[in-house]
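Enquirer: Those protein sequence lines, which keep their order, are chains E and L. Mapping to the numbering used here: the first sequence position 258 is 258, numbers consecutive. Mapping to the numbering used here: the second sequence position 193 is 193, numbers consecutive.
No lab work stands behind these hints, which were simulated from the structure alone. A couple of the hints might just be wrong.
Since copy identity is lost for identical chains, a pair holds within one copy or between any two.
In silico lysine to any residue, SDA-like type, Cα no more than 25 angstroms apart, as pairs [as the list claims (entries may be wrong)]:
| # | residue 1 | residue 2 |
| --- | --- | --- |
| 1 | K109 | D50 |
| 2 | K269 | R247 |
| 3 | K168 | R203 |
| 4 | K322 | S123 |
| 5 | K109 | R172 |
| 6 | K250 | A319 |
| 7 | K269 | A319 |
| 8 | K109 | E90 |
| 9 | K34 | A98 |
| 10 | K250 | F193 |
| 11 | K34 | V272 |
| 12 | K322 | D23 |
| 13 | K322 | V121 |
| 14 | K269 | T122 |
| 15 | K34 | G53 |
In case you want the letters, here they are:
2 protein chains.
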Amino acid sequence: MTEPTLDVVALGNAIVDVLTDADDAFLASRNLAKGGMQLIDQDQATSLYDAMGPGVEHSGGSAANTAVGVAALGGRAAFIGRVQDDQLGEVFAHDIRAAGVTYAPPQAKPGPATARCLILVTSDAQRTMNTFLGASAEIGPDDIDADLVASAAITYLEGYLWDQPLAKEAMRRTTAIARDADRQVAMSLSDSFCVDRHRDEFRDLVEGPLDIVFANEAEIMALYETDSFDAALDAVRGKVHLAVLTRSEKGCVIVAPDGVHEVPATKPKQLVDTTGAGDLFAAGFLAGITSGRSLSDAGRIGAVAAAEIISHYGARPEADLKQLIAGI
Amino acid sequence: MTEPTLDVVALGNAIVDVLTDADDAFLASRNLAKGGMQLIDQDQATSLYDAMGPGVEHSGGSAANTAVGVAALGGRAAFIGRVQDDQLGEVFAHDIRAAGVTYAPPQAKPGPATARCLILVTSDAQRTMNTFLGASAEIGPDDIDADLVASAAITYLEGYLWDQPLAKEAMRRTTAIARDADRQVAMSLSDSFCVDRHRDEFRDLVEGPLDIVFANEAEIMALYETDSFDAALDAVRGKVHLAVLTRSEKGCVIVAPDGVHEVPATKPKQLVDTTGAGDLFAAGFLAGITSGRSLSDAGRIGAVAAAEIISHYGARPEADLKQLIAGI
Chain E
1 MTEPTLDVVA LGNAIVDVLT DADDAFLASR NLAKGGMQLI DQDQATSLYD AMGPGVEHSG
61 GSAANTAVGV AALGGRAAFI GRVQDDQLGE VFAHDIRAAG VTYAPPQAKP GPATARCLIL
121 VTSDAQRTMN TFLGASAEIG PDDIDADLVA SAAITYLEGY LWDQPLAKEA MRRTTAIARD
181 ADRQVAMSLS DSFCVDRHRD EFRDLVEGPL DIVFANEAEI MALYETDSFD AALDAVRGKV
241 HLAVLTRSEK GCVIVAPDGV HEVPATKPKQ LVDTTGAGDL FAAGFLAGIT SGRSLSDAGR
301 IGAVAAAEII SHYGARPEAD LKQLIAGI
Chain L
1 MTEPTLDVVA LGNAIVDVLT DADDAFLASR NLAKGGMQLI DQDQATSLYD AMGPGVEHSG
61 GSAANTAVGV AALGGRAAFI GRVQDDQLGE VFAHDIRAAG VTYAPPQAKP GPATARCLIL
121 VTSDAQRTMN TFLGASAEIG PDDIDADLVA SAAITYLEGY LWDQPLAKEA MRRTTAIARD
181 ADRQVAMSLS DSFCVDRHRD EFRDLVEGPL DIVFANEAEI MALYETDSFD AALDAVRGKV
241 HLAVLTRSEK GCVIVAPDGV HEVPATKPKQ LVDTTGAGDL FAAGFLAGIT SGRSLSDAGR
301 IGAVAAAEII SHYGARPEAD LKQLIAGI
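Model the full assembly from the supplied sequences, consistent with the hints where possible.
Expert: Given below as structure tokens:
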């Protein structure tokens, strides 16, 4: 086993977010479940875009946000995901590279446009995401750069990818490459509805090839079909090397072989938009453990990164994260 | 003369802004004059984009921002400008319509992409703009909807358009239509370098067909080639029905037939990014006078709208402007 030359390689959807403010009545009028993510097709995307307010475009994508967060914290990060050869694809590629993440998009092929996520932010800072996956859904096993994956200490997978058969194969191949290279594999469960769609397979992943699983309360409870966080925690204990469970303002719980570590949340300067909170928590945690910090310190770094991201619109850091974690 | 059915029709560049933070060293390394606007070609745009940090995309365009501001203040506004049939064109059209502005893009034709302005925001809140005009530069007299122009109480022109021969013809035709319909014509001088490029023609416009001219200190001093604001004010007095001169934190001076009206600036909640300050001041002033307010009140409304826009990134209002001006 050679020394890794990257800390984290992230595999996920390559998405440009379109953020707009909305109120509860608008969500209700379109039957949107507040706080969730739903996949929409081109027609639904057009219809929703026409109805919503003026937008602002930020690069996004769950695992892509995590890769950017790792780089912002001084880690060496790469991203794998598919865009189209179009303006939003150019924007996505620019933004992630300009943030210090290694990214070489797979060769574009004719087909749908670069993915867009129409994000409706309500005044309670909740975000409701409506994703047109477009070109991103066409990621497949042939798009995986085996050398890149084998070079990273941790391979990080976005649970959302499991919705697409070809992307699922890409995740399986990536996992196999990482394991063959004796690297760690981490995954985010992404969304409780996503867990509902793939519960059995996600359990198999958690109890099988994964070393680290990230989940919020709703996701881990959905995974073990329980209404009790404590029951979910008990259920996951011992099934995976590390279960990193985030609980919003209640902080996070790290279920590790040596016991359970609780880390309080960091209070944000202001609460504006929760988009990316989980992504940046994972970034901080991964940057922490790959730089040799304790599990609790890694959790603290994650909490600071999450607090920064929810203090403004968009899921990419604006403040200097390295400076924010200097005291940890 | 029939009653106008619109308050303001604005003619200008249809641009998507790409905002990023930059420091003075970066501006110096690329020979960029802080606070100014320069036109760049496709190659320069690519080179600068590759070198700059991650961006966030907001719809922009000077006169387009003004039209949005008028609508946000309850006025009836329309916009004329050219985009390409591409993703950024779609973004521009969505955002301006979603803001309540009437906008029917001219039929797209093969050619360059929708205009982009790469805006470098420094920590002193100054913005340095680098504009690739693309499709926007191809606006011409055939793109002007005569009925739309004739229906508006005030036609508002963006000085930047004067850089393009075809756009200049579009401005001349628009002005002629408005005057034939007994409507008022207003223009922003846009930028002191723009004034330097077209001084004689801009003087002819001010002293000829224009009813209202908007200029900041640098622009009005460039127009009359003087280092003294007072000398510039004396020079413009009597040459145009209204000269509305903005002086940043020193407020504005309205030079009118009945004398000179001074209006103090409104202090912003915070000073983040001055992009759009002049555009939104003009919006407030135009919304004020078209709704029958006094010149001083129109200036106050402009000051409030400008203060809102400089308190955040981007040149489109985020707060409820109607609520902000409720006390005026």
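Enquirer: All the hints need checking, so say for each whether the structure fits it.
Expert: Results of checking the hints against the structure:
1. Within a single copy, K109 and D50 get their C-alpha atoms only as close as 28 angstroms, which misses the 25 angstroms cut-off; across copies the closest is 23 angstroms, which meets it.
2. Taking the shortest Cα distances, K269 and R247 sit within 25 angstroms of each other inside one copy (18 angstroms), while across copies they are farther apart (33 angstroms).
3. In the homo-oligomer, the alpha carbons of K168 and R203 lie at most 25 angstroms apart inside one protomer (15 angstroms), although the nearest pairing across protomers, at 65 angstroms, exceeds that limit.
4. In this assembly of identical chains, K322 and S123 lie within 25 angstroms of each other by CA distance solely across copies; the values are 18 angstroms between and 29 angstroms within a copy.
5. Taking the closest pair of Cα atoms, K109 and R172 come within 25 angstroms of each other only inside a single copy of the chain (22 angstroms); across copies the shortest separation is 45 angstroms, beyond that limit.
6. In this assembly of identical chains, the alpha carbons of K250 and A319 lie at most 25 angstroms apart only when taken from the same copy (23 angstroms versus 31 angstroms across copies).
7. For the homomeric pair K269 and A319, the shortest alpha-carbon distances inside one copy (12 angstroms) and between copies (20 angstroms) are both at most 25 angstroms.
8. Taking the shortest Cα distances, K109 and E90 sit within 25 angstroms of each other both inside one copy (15 angstroms) and across copies (22 angstroms).
9. Taking the closest pair of Cα atoms, K34 and A98 come within 25 angstroms of each other only across two copies (22 angstroms); inside a single copy the shortest separation is 32 angstroms, beyond that limit.
10. Taking the shortest alpha-carbon separations for K250 and F193, only the intra-copy value of 22 angstroms comes in at or below 25 angstroms, while the best inter-copy value is 55 angstroms.
11. Taking identical chains as interchangeable, the C-alpha atoms of K34 and V272 lie at most 25 angstroms apart only when both belong to the same chain, with a minimum of 15 angstroms there against 31 angstroms between chains.
12. For the homomeric pair K322 and D23, the shortest alpha-carbon distance between copies (18 angstroms) is at most 25 angstroms, but the shortest distance inside one copy (35 angstroms) is not.
13. Within a single copy, K322 and V121 get their C-alpha atoms only as close as 28 angstroms, which misses the 25 angstroms cut-off; across copies the closest is 21 angstroms, which meets it.
14. For a Cα distance limit of 25 angstroms, the shortest separation of K269 from T122 qualifies both inside one copy, at 18 angstroms, and across copies, at 22 angstroms.
15. In this homomeric assembly, K34 and G53 come within 25 angstroms of each other (Cα to Cα) only inside a single copy, at 17 angstroms, whereas the closest approach across copies is 32 angstroms.
When each numbered hint is compared with the structure, no violation occurs for any of them.
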